[in-house]
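For reference, the chains in residue letters:
There are 2 protein chains.
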Amino acid sequence: MLLLVLDVGDPLFLEPYWMRHSAKSAVVVSGWHRMSYLTNNGFISVELERHIRALHRAVGNAVEEDKFIVFGSGCTQLINALVYALSPDNATTPASVVATAPYYPLYKAQTNLFDGREYEWKGITSKWINSSVVSTKNFIEFVTSPNNPDGLLHKSVLGVKSVIYDHAYYWPHFSAIPAPADEDVMLFSGSKTSGHASSRFGWALIKDEKVYDKVVQYMKVNTMGVSRDTQLRVLKLIKVILGEMGGGGDIFEFGYKALKNRWRKLNEIVSWSNRFSLQQIDPQYCTYFSKMRDPSPAYAWVKCEFEEDVDCAKVLKEAGIISRRGTLFEASSRYTRLSLIKTEDDFDLLLRKMVAVVSENGVSSI
Amino acid sequence: MLLLVLDVGDPLFLEPYWMRHSAKSAVVVSGWHRMSYLTNNGFISVELERHIRALHRAVGNAVEEDKFIVFGSGCTQLINALVYALSPDNATTPASVVATAPYYPLYKAQTNLFDGREYEWKGITSKWINSSVVSTKNFIEFVTSPNNPDGLLHKSVLGVKSVIYDHAYYWPHFSAIPAPADEDVMLFSGSKTSGHASSRFGWALIKDEKVYDKVVQYMKVNTMGVSRDTQLRVLKLIKVILGEMGGGGDIFEFGYKALKNRWRKLNEIVSWSNRFSLQQIDPQYCTYFSKMRDPSPAYAWVKCEFEEDVDCAKVLKEAGIISRRGTLFEASSRYTRLSLIKTEDDFDLLLRKMVAVVSENGVSSI
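These protein sequence lines are chains A and B, in that order.
All letters in the first sequence, in the order written, are residues 1 to 366 by UniProt numbering.
All letters in the second sequence, in the order written, are residues 1 to 366 by UniProt numbering.
In case anyone wonders, no lab produced these hints; they're calculated from the structure.
Among the hints, erroneous ones may be present.
[Stated by the list, open to error] Quick list of in silico lysine-lysine cross-link-like pairs, DSS-like style, CA-CA up to 25 Å: (1) A:Lys-122 / B:Lys-214; (2) B:Lys-236 / A:Lys-236; (3) A:Lys-137 / A:Lys-161; (4) B:Lys-210 / B:Lys-161.
[Stated by the list, open to error] These stretches of chain B come out as covered by chain A in the derived footprint (C-beta under 8 Å, 3 or more residues): (5) 191 to 200; (6) 211 to 222.
Values in this document were obtained by computation on a predicted structure and should not be read as measured data.
Where a beta carbon is used, it is the ideal one built from N, C-alpha and C, also for glycine.
Please construct the entire structure, taking both the sequences and the accompanying hints into account.
And the structure:
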């Protein structure tokens, strides 16, 4: 019988989303929320928000107590939502959106695609660092920490008021957690917490209520919030993560060990010749593991050191290795990004191919 | 053990979305798709697309054979994606986005929120219908058919090249299906097909490949596609709908009967006095039911007929009935929209309150 599959006794269980303004007079029936646009708290599951806050407290990677939380379809969706929310409503000149190279390419791609009248992409921070314009105009600076592609912890370079801290990788499997992050605007992503990229779930922690209200409005108008099916799945995942934390199934312990080993093996192979170098990440004290920890980045930021190897991604491609060319991150083509967050089989294949290309010691493949 | 919950043997199963460009060299492992950004076909489940096409063929409400399909987080997300895709890339003047009043408010709200440089909201079609500008400038016309709020079938008023047909309500529970829709750009919504509004799923049928490519690009950059959890749920729903179609569990038959009865009861009560009137919808031949069918709209578009009842939503509110004021649809405040797609309990309550307000015959409540 179809209606059982639909979870409720009536397939006409639609409730327009504007009914939230009159929730007092709405008759709430058991099962109603499962299909309606609404949850108890607009588009945001109260239970999921509570568990996300508990996760941040348990991991110690973000101060959540004095922040609002808003969900997005991945932190991808929240990138433009925050640019929109931090831009002035009626400015004579649009806000300038910037990032420090090498940076995650989507900041630029999304700002340019939406091409809003209130903001515009203005390139990399090194262009602006000594400019007097920074103190007189509206700037929105993206800071990715740990950084994608190089895994380093960063702070704002321009010191402007509106900074979007992308902390997608600020979890103990990818990085030391020296202290909980406590910036005004912070992004986190389900895809980097548990690996469920295709569920499309991310969240923002926002201190200022006006910024939060604008982001919520954006989410309503863009997609009327995030899929409830996704919210339910993420809730289950976070419950399991919290339940296993500190025990044998600790996802952060597992991920840290796996990536630490991968990083160590890759470094060892690269050290066999002077053809390539990798970013330097130092061991650091981690409050989650209560000890000094080795690096375990998600990506290797590979540099080709031979003079003739001007296109490092091409050098690796000819060795059968797929990477992301440095120019995509607005860096030199001498750099390229290798992903370490693959299946074990894929990673073993990568190592074998790296051994081959490193062993061509002194011989350029171009 | 946590890893079992994650469906795969390795929580580091992340695969960057740009890997699709090099799918041939990627090692695909069983279970991999469940977490990765990717499906076999970018962000779109091949199996779900196949079932959506089968549903359109079985219902006979859209010609899908010569169209591309793209998914969105509700057809909500696709509204701006299509405005973006139909706008010129490098025009000296932005495209003019218009709709015929009364229209679904989100077209205007979304176009204004994104405030892109390539398009701008230019109001209702009646302002433009005799203007020579229409033939020389880029216009994008929204046509909602059946219309929200009044349930009437519509065609383009301006006859421009770029028309977005929103067919969210073009299903046999809400409307007669005189013939399959065959426009170049058509929107459909899971929330109106099966009622699963909170799953946030919609789709567009698009004839032109260039428009399709731009929408796909928008979806990637906005949210990297639609949640796979949602896609899996919608796939299950469509399988059940198809399986029950024509039998005792036919959702369209059930919905049609329920809404036809609601519409009949509401009309009867309204007819007791001359205080209110409703939109006129005529019986029409429906190819799905192979017979003339009575009206069964999702909404009643109520007009207050008494001279002093200038704010019809207020009149109803004072009688304890929540509706949406006509001005939200850019119509007169003498109109207001009543939702008929409620629980049976809610609808019975609505009828009781309507009986009371209609019985105050000749007496204004203001």
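State the violated hints by number, sorted upward, taking the hints as numbered earlier in the document. none
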